[in-house]
Amino acid sequence: MEDVARRSGFTVVLCNTNEDDTVEKAYIDKMKTQWIDGFVVCSSMGRADHIRALRGEGFPLVLVNRFEERDVNRLDIVAVDNFKAAYDAVQYLIGAGHRRIALASGREELYFYRERFRGYCRALEDAGIPLDDALVLRETSGVESFDRLTREVMALPDPPTAVFAASDPKAFVVMHALHDMGLRIPADVSVLGFDNVSLSSMVEPPLSTVAQPLYEMGAVATKNLIHQIRYKEQNGQLPPPVHSVLGVDLIVRRSTR
Numbered sequence: 215m216e217d218v219a220r221r222s223g224f225t226v227v228l229c230n231t232n233e234d235d236t237v238e239k240a241y242i243d244k245m246k247t248q249w250i251d252g253f254v255v256c257s258s259m260g261r262a263d264h265i266r267a268l269r270g271e272g273f274p275l276v277l278v279n280r281f282e283e284r285d286v287n288r289l290d291i292v293a294v295d296n297f298k299a300a301y302d303a304v305q306y307l308i309g310a311g312h313r314r315i316a317l318a319s320g321r322e323e324l325y326f327y328r329e330r331f332r333g334y335c336r337a338l339e340d341a342g343i344p345l346d347d348a349l350v351l352r353e354t355s356g357v358e359s360f361d362r363l364t365r366e367v368m369a370l371p372d373p374p375t376a377v378f379a380a381s382d383p384k385a386f387v388v389m390h391a392l393h394d395m396g397l398r399i400p401a402d403v404s405v406l407g408f409d410n411v412s413l414s415s416m417v418e419p420p421l422s423t424v425a426q427p428l429y430e431m432g433a434v435a436t437k438n439l440i441h442q443i444r445y446k447e448q449n450g451q452l453p454p455p456v457h458s459v460l461g462v463d464l465i466v467r468r469s470t471r
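Using our numbering, the letters of the sequence shown map in sequence onto residues 215 to 471.
Where hints are given, some of them may not hold.
Calculated pairs, DSBU-like style, for lysine-lysine (alpha carbon to alpha carbon, straight line, at most 30 angstroms) [stated by the list, open to error]:
no., residue 1, residue 2
1, K298, K446
2, K246, K437
3, K244, K437
4, K437, K239
5, K244, K446
6, K446, K246
7, K446, K239
Since the hints were made in silico from the structure, they are not lab data.
All figures in this text were calculated on a predicted structure; none of them were measured in a lab.
Using the sequences plus the hints, can you model the full thing?
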């Protein structure tokens, strides 16, 4: 975002919400009075109508990754196809011979996690593998809850041979729990993440993961926002919303077999 903004004469002001709606609302209220030209929001929760209201108030707005179905064709969005990305990731594990595949799922109030869960379910269905709810690890108290959940799922009479984590941080907690249990990755359990954050190549073993084009997402979001700003300056209103869907890559490292 900063690279694109700087080249176009704009400055990025970063506000970290820490997933707190109250903090988010306070930042938005303050920024609206501080000569802000537009907003790129990466932290939107499902019910964040205070964010959706920005476009109605005339502010250029782009949502990155987090959006709801109702936002399509109403707001500018930059994201990946989370359903297809998760589907392809689970198909890769199935193709490697895994039939017992656990999912370290994300919070279901977020649309992109629901789409990743849907991709997981469809991949199993298309391979003729019944969905086993005991293999779906649902976050209860933050990402650290996956330590306990991993230990519980591995204690099943028929434990999984692979874990697909809906984000890399979840995968890191899963890997730590498996290491503590004396299980070998990937000899005993394969682990596959989602995001390709910088740490994913540095853990041991390096994490196989679905790589989102994080830099490109920021660049496209900023270009789209600047287009809105300039369009409004010239026409007195915002342009029609654009939905930009970017591709992903499956990065195979040493945490899967």
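Tested hints:
The hinted pair formed by K298 and K446 fails the criterion: a straight-line CA distance of about 35 angstroms is larger than 30 angstroms. The straight-line distance between the Cα atoms of K246 and K437 is roughly 20 angstroms, inside the 30 angstroms bound, and the hint therefore holds. Our distance criterion of 30 angstroms between C-alpha atoms is met by K244 and K437, whose separation comes to about 24 angstroms. For the given pair, K437 sits about 24 angstroms from K239 by alpha-carbon distance, which is consistent with the 30 angstroms threshold.
Of the pairs offered as hints, the one joining K244 and K446 holds, with about 22 angstroms between alpha carbons and a cut-off of 30 angstroms not exceeded. Between K446 and K246 the CA atoms are separated by roughly 16 angstroms; this keeps the pair inside 30 angstroms, and the hint holds. At most 30 angstroms may separate the alpha-carbon atoms for a hinted pair to count; K446 and K239 meet this at roughly 24 angstroms.
Consistency note: the structure conflicts with earlier hint 1 alone.
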